[in-house]
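Asker: Model the full structure from these sequences, guided by the hints.
Quick note, the sequences are listed as chains G and Z, same order.
Following my numbering, the numbering of the first sequence begins with 1 at its first residue and continues without gaps.
Following my numbering, the numbering of the second sequence begins with 1 at its first residue and continues without gaps.
Check the hints yourself; a few may be wrong.
For identical chains, the list gives no copy identity; a pair is met inside one copy or between any two copies.
[To be verified] Derived SDA-like pairs (lysine to any residue); straight-line CA-CA distance at most 20 Å:
(1) Lys86 with Leu189
(2) Lys72 with Ser56
(3) Lys3 with Glu91
(4) Lys259 with Arg203
(5) Lys156 with Gln124
(6) Lys3 with Pro237
(7) Lys26 with Arg159
(8) Lys72 with Val205
(9) Lys259 with Asn239
(10) Lys61 with Ala182
Quick caveat, the hints were computed from the structure, so don't treat them as lab data.
2 protein chains.
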Amino acid sequence: MEKITSRANEKIKYAARLGESASLRKETGEFLLEGARLCFDAAQTGIEIRQAFFTSKALWKYEEYVTDIIAKSSVCCEIGAEVSQKLSGTESSQGVFCICSMKPQPESELLNTSGKYIALENLQDPSNLGAICRSAEAIGLDGLIVSGGCDIYNPKALRAAMGSSLRMNILSVDNLDEIISAANEKGMLTLASVPRNTAEDIRTVSMSGGVICCVGNEGSGLSRQVIEKCKKQVVIPMNGRAESFNASAAAAILAWELKR
Amino acid sequence: MEKITSRANEKIKYAARLGESASLRKETGEFLLEGARLCFDAAQTGIEIRQAFFTSKALWKYEEYVTDIIAKSSVCCEIGAEVSQKLSGTESSQGVFCICSMKPQPESELLNTSGKYIALENLQDPSNLGAICRSAEAIGLDGLIVSGGCDIYNPKALRAAMGSSLRMNILSVDNLDEIISAANEKGMLTLASVPRNTAEDIRTVSMSGGVICCVGNEGSGLSRQVIEKCKKQVVIPMNGRAESFNASAAAAILAWELKR
Numbered sequence: 001m002e003k004i005t006s007r008a009n010e011k012i013k014y015a016a017r018l019g020e021s022a023s024l025r026k027e028t029g030e031f032l033l034e035g036a037r038l039c040f041d042a043a044q045t046g047i048e049i050r051q052a053f054f055t056s057k058a059l060w061k062y063e064e065y066v067t068d069i070i071a072k073s074s075v076c077c078e079i080g081a082e083v084s085q086k087l088s089g090t091e092s093s094q095g096v097f098c099i100c101s102m103k104p105q106p107e108s109e110l111l112n113t114s115g116k117y118i119a120l121e122n123l124q125d126p127s128n129l130g131a132i133c134r135s136a137e138a139i140g141l142d143g144l145i146v147s148g149g150c151d152i153y154n155p156k157a158l159r160a161a162m163g164s165s166l167r168m169n170i171l172s173v174d175n176l177d178e179i180i181s182a183a184n185e186k187g188m189l190t191l192a193s194v195p196r197n198t199a200e201d202i203r204t205v206s207m208s209g210g211v212i213c214c215v216g217n218e219g220s221g222l223s224r225q226v227i228e229k230c231k232k233q234v235v236i237p238m239n240g241r242a243e244s245f246n247a248s249a250a251a252a253i254l255a256w257e258l259k260r
Numbered sequence: 001m002e003k004i005t006s007r008a009n010e011k012i013k014y015a016a017r018l019g020e021s022a023s024l025r026k027e028t029g030e031f032l033l034e035g036a037r038l039c040f041d042a043a044q045t046g047i048e049i050r051q052a053f054f055t056s057k058a059l060w061k062y063e064e065y066v067t068d069i070i071a072k073s074s075v076c077c078e079i080g081a082e083v084s085q086k087l088s089g090t091e092s093s094q095g096v097f098c099i100c101s102m103k104p105q106p107e108s109e110l111l112n113t114s115g116k117y118i119a120l121e122n123l124q125d126p127s128n129l130g131a132i133c134r135s136a137e138a139i140g141l142d143g144l145i146v147s148g149g150c151d152i153y154n155p156k157a158l159r160a161a162m163g164s165s166l167r168m169n170i171l172s173v174d175n176l177d178e179i180i181s182a183a184n185e186k187g188m189l190t191l192a193s194v195p196r197n198t199a200e201d202i203r204t205v206s207m208s209g210g211v212i213c214c215v216g217n218e219g220s221g222l223s224r225q226v227i228e229k230c231k232k233q234v235v236i237p238m239n240g241r242a243e244s245f246n247a248s249a250a251a252a253i254l255a256w257e258l259k260r
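Answerer: Structure, rendered in structure tokens:
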């Protein structure tokens, strides 16, 4: 196994840039994954692992995970503690990293027209995005649709998703309103979640067929285009002086109601 | 209005320490609040404002909020941009800060025995804590019970709560199991939320009377003592390979079910 002790090593510089740059991830179709369990999950899920990096400590401390990662990775390197620090986005790194290939994008035709989906428009907080992936998988949605600035391969989003984003059916689109139009034509129910108690109470909406429920940006909510394309505006009724939910709390409750 | 331009000013040093130190907050019963809207909410809610600090820009930019804050604050100071930066926990500060007095602690006797409560044990992420306050208020719970390391006056928690922690009935206790015992004696239903599909499905639990539902630490869950004291163990049923929800997503769904 090659040993890398310099932070200026080209492989390490590339891996670090993958962690930092959404545009590099998009351009190359690769992303940086950190953590023994997450990298193990990637290996288990059949994600293509192109390079793996371990500190010497990680090689014995997380042996149960590492063995499987090494078996699946094209290239494996041992890295020094300083190199690990350069790659890590956490304060106490486990010293396990993989460069993975993004899953092939499911075609929009693959939307199951009787399935239940949450669609996220331009969410900004990667921790929210990851938490929503985690909720969506746990609740048993058929998939997530993400658009705009939603970057599921951001290291913080990957961490918050606890592996769910590696396993879930996630459809990434440029224009959410086009998918909504296509879903409408296929007879799916499309919902725009808005923080207004005048919209229809989510509890009274029939969820018998296929449903896509859209959740907007933390600050500005859903775009006018998406709201106009959706068949209904829905709300989680609010009490007191609260004006809205945190996006991941709202998405959890909406996903829960989709599957009620 | 006094003008403060030095970061070494004693008032500023004290305010900054209040933002950083949970033990100083506990000892003094005071906390630092940041943001035009949040400080305005505090003034509106009847929170005692002991000192307020504004940059000159904030004085005109947020005039609609500032006027009310000034009217309610014992001491008001104008601060320079560098001073504002020292106090701020955000990248783009609005330059509005208050030192507030914590609300008097509601007596444990004030628990409404027919009310619905979420109890949080030792949550570590202040953003989760704040998001849960926000969900609890929006859903209309009767209050929150927080124990252990849950510090609702942490600046990140205050920010994530969007003012709900200033308005909600929040009972802070040292030992959650003592409150659970007292609630049991008063005939309330006490629930321990656990990530095990063998526990009772939260959807089948009767919520007709008073209920306290406990949610544990992000990593380690609820303590054994609390689980043992609760009358029932409940679960949000999970699908796929997900092992748990994010704590704030779980709390949102549980609060939603308490009020169903």
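Asker: Look at each hint and say if it fits the structure.
Answerer: Outcome of the hint check:
In this assembly of identical chains, the alpha carbons of Lys86 and Leu189 never lie at most 20 Å apart, being 46 Å within a copy and 50 Å across copies at closest. Taking the shortest Cα distances, Lys72 and Ser56 sit within 20 Å of each other inside one copy (19 Å), while across copies they are farther apart (59 Å). Taking the closest pair of Cα atoms, Lys3 and Glu91 never come within 20 Å of each other, the shortest separation being 23 Å inside a single copy and 38 Å across copies. In the homo-oligomer, the alpha carbons of Lys259 and Arg203 lie at most 20 Å apart both inside one protomer (11 Å) and across protomers (12 Å), since each shortest distance falls under that limit.
Taking the shortest Cα distances, Lys156 and Gln124 sit within 20 Å of each other both inside one copy (12 Å) and across copies (17 Å). In this assembly of identical chains, Lys3 and Pro237 lie within 20 Å of each other by CA distance neither inside one copy nor across copies; the values are 57 Å within and 45 Å between. Within a single copy, Lys26 and Arg159 get their C-alpha atoms as close as 19 Å, which meets the 20 Å cut-off; across copies the closest is 32 Å, which misses it. Neither within a single protomer nor between protomers do Lys72 and Val205 lie at most 20 Å apart by alpha-carbon distance, with minima of 45 Å and 45 Å respectively.
Taking the closest pair of Cα atoms, Lys259 and Asn239 come within 20 Å of each other only across two copies (11 Å); inside a single copy the shortest separation is 24 Å, beyond that limit. Proximity of Lys61 to Ala182 under the C-alpha cut-off of 20 Å is found in neither arrangement, the shortest distances being 49 Å within a copy and 44 Å between copies.
Violated hints, in rising order: 1, 3, 6, 8 and 10; the structure is consistent with all others.
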